[in-house]
Amino acid sequence: MSDRPLVVVTDFIEEPLAIEREILGSVAEVVALNAFEEKELHGVIEKASAVMVYHTVPITADTINRLERCKLIVRCGVGYDNVDRPAARKRGISVANVPDYGTEEVADSAIAMALAFTRGTHILNHRLQREFGPWSYQQIVPKPRLRGEVFGIVGLGRIGIATALRAKALGCDVRFYDPYVEQGMDKALGIRQVHSLPELLSAAYVVSLHCPLTEETANLIDEEMLGQMRPGSYLINTARGGVVHPKIILHALENNLLAGAGIDVLPDEPPSPDNPLIQAWRNPDHPAYERLILNPHAAFYCEEGLEEMRVKGSQNCLRVLQGMPPLNVVN
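If you want this note's numbering, it's the position in the sequence shown, counting the first as 1, plus 470.
No wet-lab data here; the hints were simulated from the structure. Don't take every hint at face value.
Result set (DSBU-like, lysine-lysine): computed pairs, CA atoms no more than 30 Å apart in a straight line [what the hints assert, rightly or not]: (1) Lys657 <-> Lys638; (2) Lys560 <-> Lys613; (3) Lys657 <-> Lys717; (4) Lys613 <-> Lys638; (5) Lys613 <-> Lys541; (6) Lys541 <-> Lys560; (7) Lys541 <-> Lys517; (8) Lys509 <-> Lys541.
As the structure is a computational prediction, the values presented were derived from the model and not from experiment.
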């Protein structure tokens, strides 16, 4: 390895690193470790001047304290809960994210899951495929019109706003809960703000989660909050798995507290095959089989979005290596 600065791509992105080297190759060496566990980073990452991390591995204090010359850790995505930001701050290392690469895709995915449930297409497909019940719309009776129904947003950041605008275009009565949003955002978007989570949950036909995973939002939708939700409603989570625990979702489906749940993210990815939620979802005799949509943390993905996160992450590393301050610092 040369004496030039080193940029380490920890996970998810494999060779060839054409995008990263096109942007950084004139000033730094770039290597991809493609790690699945944090310990696989050790032995190389220590010499990194900048680190680009995705979502497969965590960057804990153990790794951060090994860094000898690092100036920036870029979480190439929106969420940054897999990086120990306080530990990095103590070491004088900036942590940044890429907050705007997949806004449309995640919002589209949330709306797609909501429509699959509220129009009955998911359940009808499952039942007809299994030859369960008549070849008739009556299998989803009664089904209310979506227009005019309350579509609840938890977390009105970039993705929450994009989802709100899509739901508004469908004619929904869009309401949101976010205690950190400045006053007037509701007027700017033509939607309604509520000031407590139970108020939103009790009114919404669809609840879509778009908040980051923090100490405040961990297990935000717990058994108590679940009890606040409107009977026959739907829960969509394209945010972080830790915002609502899988056992809560399973309990809600088993006890008809939810009509359905669309889940793109889980606390452990990939989940263990013996995870009770996974077993129920794969069991044709369990209500989760046709009332649960699971995706493999894919809501962010499109070819353009993947390229954008790589480009913007690399460009932020370049800024720091050239002596400029990083963008989108989150610590």
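Evaluated hints:
The suggested pairing of Lys657 with Lys638 holds, with an alpha-carbon distance near 13 Å, which does not exceed 30 Å. Taking the CA atoms of Lys560 and Lys613, the gap is about 54 Å. The hint is violated against a cut of 30 Å. Proximity of Lys657 to Lys717 is assessed by CA-CA distance (about 37 Å); at most 30 Å being required, the pair is judged violated. Taken as a hint, the Lys613 and Lys638 pair is honoured in the structure, with Cα atoms around 20 Å apart against an allowance of 30 Å.
In summary, the hint linking Lys613 to Lys541 is not supported, as the alpha carbons are separated by about 55 Å, beyond the 30 Å threshold. Using a Cα cut-off of 30 Å, the hinted pair Lys541 and Lys560 holds, with the two alpha carbons roughly 12 Å apart. For the given pair, Lys541 sits about 11 Å from Lys517 by alpha-carbon distance, which is consistent with the 30 Å threshold. Between Lys509 and Lys541, the direct Cα distance comes to roughly 21 Å. Compliance with the 30 Å bound is thereby established for this hinted pair.
When held up to the earlier numbered hints, the structure conflicts with 2, 3, 5 and fits the remainder.
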